[in-house]
Amino acid sequence: LAKTTQPISMDSYEGQEVNITCSHNNIATNDYITWYQQFPSQGPRFIIQGYKTKVTNEVASLFIPADRKSSTLSLPRVSLSDTAVYYCLVGNNAGNMLTFGGGTRLMVKP
Amino acid sequence: NAGVTQTPKFQVLKTGQSMTLQCAQDMNHEYMSWYRQDPGMGLRLIHYSVGAGITDQGEVPNGYNVSRSTTEDFPLRLLSAAPSQTSVYFCASSQTTGRFEKLFFGSGTQLSVL
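Protein chains in written order, with my numbering: chain P, 1 to 110; chain H, 1001 to 1114.
Keep in mind that a hint or two might mislead.
Unchecked claim - A short list of chain H residues far from chain P (calculated; beta carbon distances all over 10 Å):
# : residue
1 : Gly1016
2 : Ala1024
3 : Ser1107
4 : Leu1111
To be verified - With a straight-line cut-off of 25 Å between C-alpha atoms, the simulated DSS-like cross-links for lysine-lysine are:
# : chain 1 : residue 1 : chain 2 : residue 2
5 : H       : Lys1102   : P       : Lys69
6 : H       : Lys1102   : P       : Lys52
7 : P       : Lys54     : H       : Lys1009
8 : P       : Lys3      : H       : Lys1102
Stated by the list, open to error - Residues from chain P that face chain H, not an exhaustive set, calculated with beta carbons under 10 Å:
#  : residue
9  : Gln16
10 : Ser41
11 : Pro44
12 : Phe46
13 : Gln49
14 : Thr53
15 : Leu89
Derived by calculation from the structure, the hints in this document are not laboratory data. Positions of the beta carbon are idealized from the N, C-alpha and C atoms, including for glycine.
With the hints as extra help, turn the sequences into a complete structure.
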């Protein structure tokens, strides 16, 4: 299993850009990297997914270096509603080797 | 569209009791899975299924059984509950496993074993 490591918590202020990095040193060739957001008393919700280089959607960007041993989730101009726990997931396309990181608790302050 | 539905939301068991956590999805997803979430440990895969009639073990399968008789349902059974199984349980599904798809999660079941 690919072991993932994330910072336990981060603080930010409204309007700032937030970057959360996940380390996955033993990522396998077939593994994808996916980020999820979780609010209290809810299940995680998909944010973004990538394999290499950069991926961008309407809510976030995902940066993956060439060696793929880490990835960075970038949230532009965060708001109070972005306060949540963010999980990095590394998994292969068979769905049987899925390793979530311990999660990063992001607190956005006014 | 209900998505992934888990029942019950809360449950308290005594050590040694058995129970079944229910999970149903209405998206015709092939892949379904169960996770447990413990403080500071993220989510760990318990069991998963790539289609009706097919199940397999994840990272932490001991003490849990699953079955997949239909595409829609994927129940998780605790045969003899132990305090170590106190956790929040999430069911998730995705459309296929040919390419790693995004997971859709239920809202969770909070289980306490006394």
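Checked hints:
no.	hint	in the structure
1	Gly1016	holds (28 Å)
2	Ala1024	holds (14 Å)
3	Ser1107	violated (5 Å)
4	Leu1111	holds (14 Å)
5	Lys1102(H) to Lys69(P)	holds (21 Å)
6	Lys1102(H) to Lys52(P)	holds (17 Å)
7	Lys54(P) to Lys1009(H)	violated (38 Å)
8	Lys3(P) to Lys1102(H)	holds (20 Å)
9	Gln16	violated (25 Å)
10	Ser41	holds (7 Å)
11	Pro44	holds (5 Å)
12	Phe46	holds (4 Å)
13	Gln49	holds (6 Å)
14	Thr53	violated (17 Å)
15	Leu89	holds (8 Å)
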